[in-house]
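Engineer: Build the complex: two chains, separate frames, hints provided.
Going line by line, the protein sequences match chains A and S.
The numbering of the first sequence is numbering that gives the first Met the number 0, which starts it at 0 and goes up by one.
The numbering of the second sequence is numbering that gives the first Met the number 0, which starts it at 0 and goes up by one.
Hints in this document: simulated from the structure, not taken from any laboratory.
Each statement offered as a hint is correct.
Mimicking DMTMM-like on lysine to aspartate or glutamate, the simulated pairs with C-alpha atoms at most 25 Å apart in a straight line are:
no., chain 1, residue 1, chain 2, residue 2
1, S, K235, A, E35
2, A, K26, S, E222
3, S, K234, A, D44
4, A, K26, S, E169
5, A, K28, S, E181
6, A, K28, S, E169
7, S, K235, A, E39
8, S, K227, A, E35
9, S, K76, S, D91
10, A, K28, S, E149
11, S, K214, A, E39
12, S, K234, A, E35
13, S, K234, A, E45
14, S, K214, A, D55
15, S, K227, A, D55
16, S, K234, A, D55
17, S, K234, A, E39
18, S, K227, A, E39
19, S, K235, A, E45
Output of the computed footprint for chain S on chain A, the stretches with three or more beta carbons under 8 Å from beta carbons of chain S:
no., stretch
20, 20 to 34
21, 54 to 61
Ranges of calculated distance between the beta carbons of each label pair, as one might list FRET restraints:
no., chain 1, residue 1, chain 2, residue 2, range
22, S, F148, A, Q24, 16 to 22 Å
23, S, S60, A, G7, 32 to 38 Å
24, A, N37, S, L185, 29 to 35 Å
25, S, S178, A, G7, 25 to 31 Å
The C-beta atom is built at its ideal place from N, Cα and C for all residues, glycine as well.
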Amino acid sequence: MIEIVVNGNNRQMPPDASIANLISQLKVKPQVCVVEVNGEIVSRDEYCARYFKHGDQIEIIRFMAGG
Amino acid sequence: MQRYSRQIILPEIGEKGQEKLLNAKVLVVGLGGLGSPVAVYLAGAGVGTLGLLDSDAVELSNLNRQVIFSTEDIGKKKAAAAAQRLKRLNPDIKINEYVLRLGQDNIRGIISDYDIVVDCSDNFPTRYLANDACVLAKKPLVHGAIYQFEGQVTVIKPGQGPCYRCLFAEPPPPGSIPSCQEAGALGAIAGIIGMIQATEAIKLILGVGQPLIGKLLVFNALEMSFRKVDIPQNKKCSVCA
Numbered sequence: 000m001i002e003i004v005v006n007g008n009n010r011q012m013p014p015d016a017s018i019a020n021l022i023s024q025l026k027v028k029p030q031v032c033v034v035e036v037n038g039e040i041v042s043r044d045e046y047c048a049r050y051f052k053h054g055d056q057i058e059i060i061r062f063m064a065g066g
Numbered sequence: 000m001q002r003y004s005r006q007i008i009l010p011e012i013g014e015k016g017q018e019k020l021l022n023a024k025v026l027v028v029g030l031g032g033l034g035s036p037v038a039v040y041l042a043g044a045g046v047g048t049l050g051l052l053d054s055d056a057v058e059l060s061n062l063n064r065q066v067i068f069s070t071e072d073i074g075k076k077k078a079a080a081a082a083q084r085l086k087r088l089n090p091d092i093k094i095n096e097y098v099l100r101l102g103q104d105n106i107r108g109i110i111s112d113y114d115i116v117v118d119c120s121d122n123f124p125t126r127y128l129a130n131d132a133c134v135l136a137k138k139p140l141v142h143g144a145i146y147q148f149e150g151q152v153t154v155i156k157p158g159q160g161p162c163y164r165c166l167f168a169e170p171p172p173p174g175s176i177p178s179c180q181e182a183g184a185l186g187a188i189a190g191i192i193g194m195i196q197a198t199e200a201i202k203l204i205l206g207v208g209q210p211l212i213g214k215l216l217v218f219n220a221l222e223m224s225f226r227k228v229d230i231p232q233n234k235k236c237s238v239c240a
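Next up, chain S with everything else stripped away, as it sits in the complex (with noise of 0.2 Å):
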């Protein structure tokens, strides 16, 4: 316990908390620029059982932003390096790997085993598909986007407030928004996203504080502001109604 004595001071946390973040399970959809900082700051505060899931390999030009990696990683599959990464900074945890892409044919078996998803993906098809089926299969889900300057966290907690469709119904047509690969990521940007993402996950495993539950989190870092904006429950919505 050594380890995690600096937040186990924390009234919030204590060793009750500590035992509940050991006991926790929780998968990371996407090992990019927000999955480096969620999974270290997860494996670090100590949750017992991380699922890191992400079908890609290793490139150069991710080393600016996805600060789980080092240039000796560059070909090596994203779930396996960061696996021995945090294997390094926490041997008293649980990895699962999945070098996979989440599908409607394998998404209901990977979650049923975690109790909090978080989605740290970097195209709309997933984060859609984990909505719905997050919703479907009562899971928490830490949403997290970033796009330039600009990121959004929300917390979707199926049957205590809206989900991600209830915002943005349906997806916007195929290239009308430009990935990160056409529009550019900083990674400051992607860290500060993530690292909001996984304090979300450690506050819905402790029971802590206000999730952002019907809130959207918007921050500009040009502006360097930070805004929440209200969700409607959309009482039509084809999910979660």
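If we strip away everything but chain A, and leave its shape as in the complex, we get (with noise of 0.2 Å):
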């Protein structure tokens, strides 16, 4: 296992595992959301190719408008 850091919270993923798999995971639709790793926003078609390295820094930012 790898320890990443999600939204300031540690947590622990197989190291095969892709954005895709962890906003899976966090039940986040990848449409609703966008995702930062390392400070880099990463493009919607590559959140299954995108893998995790140990220590990554992970943001997942919700879309909200409300008012």
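Structural biologist: Spelled out as structure tokens, the structure:
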């Protein structure tokens, strides 16, 4: 297992885990969020092919428009 | 100046800062849960000209969060009811009412009369429109949004940092994000985010502190956490690049 940081919280993931795996675990639909890995926004079409490294800092930022 | 004495005491404000506030012109887009505290606190602080923009009328279901309105305002246009309340709070400031929706046809003309725009709207088309128009007109934009127990704030200062589209390049598919009407909204959450937006607008007017330029402040009320996330500037951004 590797350890990554998701929205400020530590999380254990298998070494072959992708962004698609993570957001599926978290029950977040890809079209309602933006994902940053180590400060860089990852394009949605790369979610299946983008694997994590130990220590990666992930931010899952939700779209919201309520006012 | 007695009205502002408690803030004039602050070394970051003083009489010079108060003059800046009295000379400032701020447009509040949307008078809902966010726009209510934004308008009240900017009026209280003595922001000299406030534009209040909303096409809707006050409804009973607004009153859990839209604290600028009272039960007797139900049925009145929000811009008119809010203006009436703010004139009672601070008769010294000028208030411009806009009972309309922002669109491609009117936004440039309206924002040209203001120094800062505060986005308190409740829908993606208005948010993207406000971002794009403010970037093109080089107007600072204070963005705030809520969803259930969460909220976000950022400051877009064209030429000095990323814009809304650098983070959210395109709107989500229609219907994929429930509105407050569908998903629910707690008044205190809107109050917290709106007050942060008001604070950021005041900081921009005064030129003090570090505004949330290039940072998204993410608030989660259930965890009671605030986190600042860096927003990278998109060198290929369709609006600000």
